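K.L.:
Spelled out, the chains give:
2 protein chains.
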Amino acid sequence: MADAKPLFGKVALIGIGLIGSSMAHAIRRADLAGHISGYARRPETLARAREIGFADTLTGSIPEAVKDADLVVLATPVGSFGEIAAEMAPHLKTGAIVSDVGSVKSAVLRDVGPHIPDGVHFIPAHPIAGTEQSGPDAGFAELFDNRWCVLTPPPGTDKDALARLRTFWERCGSNVDVMEAKHHDLALAITSHVPHLIAYNIVGTADDLETVTEGEVIKYSAGGFRDFTRIAASDPTMWRDVFLNNREAVLEVLGRFSEDLSVLQRAIRWGDGDALFNLFTRTRAIRRGILDAGQDSAEPNFGRNRTKKDQ
Amino acid sequence: MADAKPLFGKVALIGIGLIGSSMAHAIRRADLAGHISGYARRPETLARAREIGFADTLTGSIPEAVKDADLVVLATPVGSFGEIAAEMAPHLKTGAIVSDVGSVKSAVLRDVGPHIPDGVHFIPAHPIAGTEQSGPDAGFAELFDNRWCVLTPPPGTDKDALARLRTFWERCGSNVDVMEAKHHDLALAITSHVPHLIAYNIVGTADDLETVTEGEVIKYSAGGFRDFTRIAASDPTMWRDVFLNNREAVLEVLGRFSEDLSVLQRAIRWGDGDALFNLFTRTRAIRRGILDAGQDSAEPNFGRNRTKKDQ
Chain A
0 MADAKPLFGK VALIGIGLIG SSMAHAIRRA DLAGHISGYA RRPETLARAR
50 EIGFADTLTG SIPEAVKDAD LVVLATPVGS FGEIAAEMAP HLKTGAIVSD
100 VGSVKSAVLR DVGPHIPDGV HFIPAHPIAG TEQSGPDAGF AELFDNRWCV
150 LTPPPGTDKD ALARLRTFWE RCGSNVDVME AKHHDLALAI TSHVPHLIAY
200 NIVGTADDLE TVTEGEVIKY SAGGFRDFTR IAASDPTMWR DVFLNNREAV
250 LEVLGRFSED LSVLQRAIRW GDGDALFNLF TRTRAIRRGI LDAGQDSAEP
300 NFGRNRTKKD Q
Chain B
0 MADAKPLFGK VALIGIGLIG SSMAHAIRRA DLAGHISGYA RRPETLARAR
50 EIGFADTLTG SIPEAVKDAD LVVLATPVGS FGEIAAEMAP HLKTGAIVSD
100 VGSVKSAVLR DVGPHIPDGV HFIPAHPIAG TEQSGPDAGF AELFDNRWCV
150 LTPPPGTDKD ALARLRTFWE RCGSNVDVME AKHHDLALAI TSHVPHLIAY
200 NIVGTADDLE TVTEGEVIKY SAGGFRDFTR IAASDPTMWR DVFLNNREAV
250 LEVLGRFSED LSVLQRAIRW GDGDALFNLF TRTRAIRRGI LDAGQDSAEP
300 NFGRNRTKKD Q
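Going down the list, the sequences are from chains A and B.
Taking numbering that gives the first Met the number 0, I'd label the letters of the first sequence as residues 0 to 310.
Taking numbering that gives the first Met the number 0, I'd label the letters of the second sequence as residues 0 to 310.
Hints listed in this document are in silico derivations from the structure and should not be mistaken for laboratory results.
There are no misleading hints in this set.
Interface residues of chain A toward chain B, partial, derived using beta-carbon atoms under 8 Å: (1) Gly270; (2) Thr282; (3) Ala292.
Computed from a predicted structure; not experimentally measured.
Virtual Cβ for every residue (Gly too), placed ideally from N, Cα, C.
Let the sequences and hints guide you as you build the complete structure.
P.N.:
Given below as structure tokens:
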């Protein structure tokens with residue numbers, strides 16, 4: 000591989016938080032770009048990224064970041080994509096691929112698509128990976144290893160461009176699926192968006208329950224609550240934008256969730272132990288499927304803190 | 000410590016699953032008992048416990064297990080406590096302490112209290128610790144380290160007995176709080192019972208959503224869903240009994256949760272980004288509180304799999 004030409008000449012990362020900076024690390028690990036340019040709006044972010052040193056050039060100018068880039072990846076909160084697309088469009092190189100890492104895909108097609116000039120390939124993408132941390136310090140090359148990345152090419156997408164983007168993500172460590180944006184948005188509503196909403200909600204409910212003190216909520220959190228606080232510590236701007244931009248699918252899944260919860264609530268009220276037991280048994284199978292697929296740690300309590308101590 | 004007398008002569012563990020077997024390991028670690036007897040109903044469990052060897056004697060007879068015991072701990076699902084208490088009552092030694100590890104406390108006072116003979120001390124307890132695994136193989140001595148254990152002594156409890164039980168749990172590694180059963184049940188409804196119910200529920204909802212395949216639910220679970228599947232893999236019998244025996248507090252907290260979720264749902268429907276952003280910011284503080292209190296791992300993704308790989 001040492002003498003092979005990198006997959007892309009220049010890759011522009013528009014946004015260098017957790018995902019953008021992890022991409023930079025993964026690109027370097029696999030030698031996927033001759034040059035990595037990084038864009039951030041805030042000077043502090045640029046300064047910190049310079050110190051870490053995961054990009055070849057760093058700039059607060061979108062036109063400069065995307066100039067001559069063969070692959071441009073939007074990695075800011077999805078609410079900002081339309082404006083960024085409009086600004087970068089006149090500066091895109093013919094033949095370039097524009098992609099993104101947003102957690103919603105229909106809205107990206109809607110907001111970014113109309114700005115993409117003829118001769119530029121537009122292929123939205125979503126690497127399903129992350130942590131509860133954010134910013135350029137949070138990134139690491141292994142984030143995408145054995146995680147799935149979903150590509151949602153619009154009809155008529157150039158096959159070669161699609162193949163190159165697939166190869167790019169595979170060499171970042173991911174498995175790749177291709178599907179329609181609408182299906183992605185429903186699948187992610189259930190596997191990511193509604194779980195986050197529920198986690199945010201229960202943490203808010205706990206915070207409000209004045210008859211139980213915040214001290215007790217914290218002290219007794221090992222009973223299960225602490226698990227929810229991890230994802231409820233995720234980036235607020237990113238998640239606000241996800242919910243505003245996947246409204247239909249989130250409301251659909253939320254409706255089913257609430258319906259199911261009402262049935263459980265009724266089972267508790269009326270003492271229907273069999274209904275509870277049957278659900279609690281069925282849900283174990285899904286956990287086993289996730290462990291078998293290598294999508295989570297099989298260690299008790301996620302293997303917290305690396306030893307059995309302090310779980 | 001080597002020549003000191005153990006805290007209790009004989010400790011009887013009625014139930015030797017995750018919690019009972021962890022107690023046996025913790026008792027041995029701190030030399031808290033001259034003799035540990037373990038009871039299990041199923042011969043397979045007894046046979047397995049014999050192989051592991053965490054108890055001095057193992058029996059399928061409750062009278063035999065509790066005979067001459069100075070501390071008797073009920074560690075079976077709470078729905079079985081009443082029957083077990085009735086069976087063991089005539090065999091309890093005068094001056095013994097009867098306690099338990101159930102996740103609900105008012106129901107334990109109600110179901111066990113009436114069976115306790117005069118001259119025997121009855122002090123319900125709840126160590127707030129666990130994993131999603133169950134059975135005698137799941138136990139380990141460190142489970143209770145730095146976790147909280149709540150004691151809910153009924154009015155008139157003997158001070159010396161209470162002090163001994165407190166010392167026992169402290170030497171098992173726990174911090175100890177003392178409160179009324181009713182307050183415990185509300186605090187745990189928010190920090191443990193409702194989180195478990197919600198996790199079970201979302202996993203059930205996902206399993207039902209036929210337009211998204213089970214394969215996709217599993218593959219894309221790293222988006223957040225997998226976190227919920229861990230606690231939704233907990234022991235079904237134990238959790239059925241928790242919900243049946245803490246109905247009032249669970250329904251109260253569930254009502255608040257659903258109310259709050261409706262507000263969030265409306266914010267999504269009407270595109271109220273500020274309401275979402277404000278909640279998502281507020282919830283971060285609770286996470287920080289939990290980390291500061293040493294009640295969870297500060298590593299991203301709970302430090303899954305011990306390296307940054309395969310998170």
